[in-house]
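Enquirer: Chains as they are written, first to last, in this note's numbering: chain A, 1 to 357; chain B, 358 to 714; chain C, 715 to 1071.
The hints are simulated quantities; they were obtained by calculation from the structure and are not laboratory data.
Because the structure is a prediction, the values reported are computed rather than measured.
It is possible that some hints are incorrect.
One-sided excerpt, in silico: chain A residues whose CB lies under 10 Å from chain B [as the list claims (entries may be wrong)]: (1) V19; (2) I56; (3) V170; (4) G307; (5) V342.
We put the beta carbon where it would ideally sit given N, CA and C, even for glycine.
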Amino acid sequence: EGEASAKAGSGFKVETNDVTLSVGGRLQYDIDMFDGEAFSGADESGSDSELRRARIFVSGKIGKDWSGKVQGNFKDDGTTNLEDAYIKYSGWDGVDLTLGKHKEPFGLEENTSSKDITAIERTMITNALAPGKNYGVSLGGGSNDFTWKFGVYDHGDEGGNIATGFSGRVTTAPIATKDEVLHLGFGYTQSRLAGDTYGEADQRLEIHLADEKVGSGSITGQSINAYNLEVAYSTGPFHAQAEYFDGEIDGGNFAADTDLEGYYAQVGYIITGESRPYSKGVFKRVKPKGDAGAWEVFGRFSSYEPGTDEAEAFTIGLNYYANAAVRIGLNYVSGDMTEGGVDKDGDALAVRIQYVF
Amino acid sequence: EGEASAKAGSGFKVETNDVTLSVGGRLQYDIDMFDGEAFSGADESGSDSELRRARIFVSGKIGKDWSGKVQGNFKDDGTTNLEDAYIKYSGWDGVDLTLGKHKEPFGLEENTSSKDITAIERTMITNALAPGKNYGVSLGGGSNDFTWKFGVYDHGDEGGNIATGFSGRVTTAPIATKDEVLHLGFGYTQSRLAGDTYGEADQRLEIHLADEKVGSGSITGQSINAYNLEVAYSTGPFHAQAEYFDGEIDGGNFAADTDLEGYYAQVGYIITGESRPYSKGVFKRVKPKGDAGAWEVFGRFSSYEPGTDEAEAFTIGLNYYANAAVRIGLNYVSGDMTEGGVDKDGDALAVRIQYVF
Amino acid sequence: EGEASAKAGSGFKVETNDVTLSVGGRLQYDIDMFDGEAFSGADESGSDSELRRARIFVSGKIGKDWSGKVQGNFKDDGTTNLEDAYIKYSGWDGVDLTLGKHKEPFGLEENTSSKDITAIERTMITNALAPGKNYGVSLGGGSNDFTWKFGVYDHGDEGGNIATGFSGRVTTAPIATKDEVLHLGFGYTQSRLAGDTYGEADQRLEIHLADEKVGSGSITGQSINAYNLEVAYSTGPFHAQAEYFDGEIDGGNFAADTDLEGYYAQVGYIITGESRPYSKGVFKRVKPKGDAGAWEVFGRFSSYEPGTDEAEAFTIGLNYYANAAVRIGLNYVSGDMTEGGVDKDGDALAVRIQYVF
């Protein structure tokens, strides 16, 4: 009576009547090599390899209204972090209610899955300001040319009570055909700090295994809030996207106010002619049309200014999509930073092998 | 040749000839708010949220005789505890042999799955005395109106050797029809302490994220033993259950003897008319008959006396069973304790969202 | 359109067109009892139980060319180590490229799965010298009568760069019929130490829960390299295998050179008449022919000499294969060691219950 099916890059599912259960995962293995103070911290070379992400999920859907997902991420240090652990109610017309751990709605690059982003890593400014996945409650909805989502999240403890955070994002796509997409978006996020150091202010120059980070490690305050602007355009095999972020840590009684600002701009071209898929406010990864796979080239410029420090990273990269499940990426990153008045630079090479179960 | 099927609240399974493999899990997300010394430790309010349980299991069955299960519980702190990891042999007539990590047979509430209990949390006295899941060997059997199970368990280390524990439980159901159930049970458990502090003596007042526990944190001894009595009755939409526990920590050469006593009584009513299912000595959660789900109200009084301290908790709650997989629970708890001669009280509100894959 | 099937001891899989996804796992629960200084460290008895391995894997295959696997091992201490996390490309004629975490090619016993080895534990010398599973890149290929594989691996950090390791193994089977197998193999492995203590030099006497290890715990050096020779023969229900290992820690500027040498020889006989299956350079576990299961007896002698210390372990054992998924093993080990000129001996009994999902 039941039915089972597997799909490349999307796991497998078992369906009986109105109940569906799915299992899948992703695996990203990276090798990074780098040279120079901006990456190694010293004027030397460095290299390392890691399993960047190793996730297994189980998700379910009952009827039209209720769904849920548990996804664990296994790490080399023996810890397992819960990436997703939420229950979703879709019984109200056009509105989804999500409860539990899920990604906060802020940023185009952040809300694009790590298996679908063009470069190996997201940009410094996205990692610095996007709150990522947290426990909370959100409401959202939309169609392919308009989306909205906002939520309240548990950002830890403040005097025995939940330190709440808020995130919201709206996107619109004035053009959203199969061949051409124009995407615009706006997001806002805020979070309590209550005198703590803001842990995400220091960032690596988009090489995850680099030893050096830009930032003083000492930005504290009462709270942080940030907004961003998103724009993206895609026509045929060409795609481009850019985001600007303006964040401010309100020092309150604890410290002076500090700005965290940045932006990035990225252009890509799929040599084999495929287009980058777009759906409900985010892009997906390229699915090759033919048996020979798809090839993509891209370039990205990224700027980040935490307080009085600043960093820039320029990335060029090549992606090979063997099929809907396997992607191999090669990124060259040239970066420089000014930290405490000292200039540092360097360059790096990163390889990623990705398998989406 | 194989067959796959999914079932709401029971995972999915794949069957080929006499081999069955199943995958499933559960997800429980809680938000707790509380006020007063009995919960916050200070005369203040507190709040927190957590993923209470996030489990994924794989289980298998070969022929009629052999089955096994591995279930991991992913926690927010990065650790993963193995909930179940056992192999079961059912080849002897009417007797199951279980080897590995599994729940010790002691207590009605304890042996009712956490996805099936009426309140969000089990009672103080159950959490204080029931040994939970441990490595060991057990034998058990029975039918719907009589069950028995006993086992020997590894409770840690005592001088380089296994510190053994023992648990046993027998239940009988003089009435066990679809509409009416009368359940009686008796359990006994013992464990070695060998001078260690008994770690489960201190208990929160049935709010898992509360900061305060009743108990002195200093009850030590040679060993602990406890027995309990269970009674439950269900007729149509009405159900009631109560348990009495009497535990004693034998101080031996280490300390004076200490009593750990307690009981609880609970009554519930399913407004939408369903009955609470009963099977082999335990109750299951309500399965809604109609598309609109099932609603249940309940009340519970719980008393716990560790040594010279004492605590009481009174809970009233509402459960909404959206379908066989999704349950939302709202509990109000009023609690007070006397600890070291000091009285503390407070009240709390807890919300649980549960999805059983 | 999709197809699902389950197989005893091999998990289940879901197949749609050219995409296959599989889920499975293994569970090994052990109880060890021992007596004497060689096991307990003191002239006393000891006992313990543990979940030796509790693994769940998800693997996938797309078309003929790409496959991948993620396997997590859940441990009692709350950590989860990634056993396998690799992507494999098989698109070149007769050559597999593996990227990510996988087992290094060195040793017959090591490359035989832990669910397929005859004794409960591998030998001291295998555990001392085989590098096990690490991140890296390997190439391999072969048929049932010839296999080769070599790889370069990330063995940690040396001055900010990857400390590389290398392993390689070739095997040949001059006889490889269903009834008779003659296997010969050779392996080589090397790794950087850079002044660190070699962590695997100290070994228990093949009882995993024993408290005592042979070895001084202080062997340091510049690098380690080792080679081994494998021979195995199987005819009908009889099987035998032996390996010799010669390892040397090059002290470099850090210490004097140290030898790590050892060997083992094992013979087994399957009373119920089955043969031990052989495939591509490794043996598999016995699959019972009849419903009553299969019985196997075996003996093993093992010798290990780390530096100036030495140890011997003699094991006799009985295996019951209830079906393709369930195995129960009983091993008696008699061991002695000379450590720092002091002689220690003892004996031990180990029981393993194994379920392969």
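Enquirer: All the hints need checking, so say for each whether the structure fits it.
Expert: Results for each hint:
Interface hint status for V19 (chain A): upheld, as the beta-carbon distance to the closest one in chain B is roughly 5 Å, under 10 Å. For the restraint placing I56 (chain A) at the interface with chain B, the shortest Cβ-Cβ distance is roughly 8 Å, inside the 10 Å limit, so the hint holds. For V170 (chain A), the shortest C-beta to C-beta distance to chain B is roughly 26 Å, which exceeds 10 Å, and the interface hint is violated. Taken as an interface hint, G307 (chain A) does not check out: its beta carbon lies about 30 Å from the nearest beta carbon of chain B, beyond 10 Å.
Below 10 Å, beta-carbon pairs count as interface contacts, and V342 (chain A) has none with chain B, the closest being about 35 Å; its hint is therefore violated.
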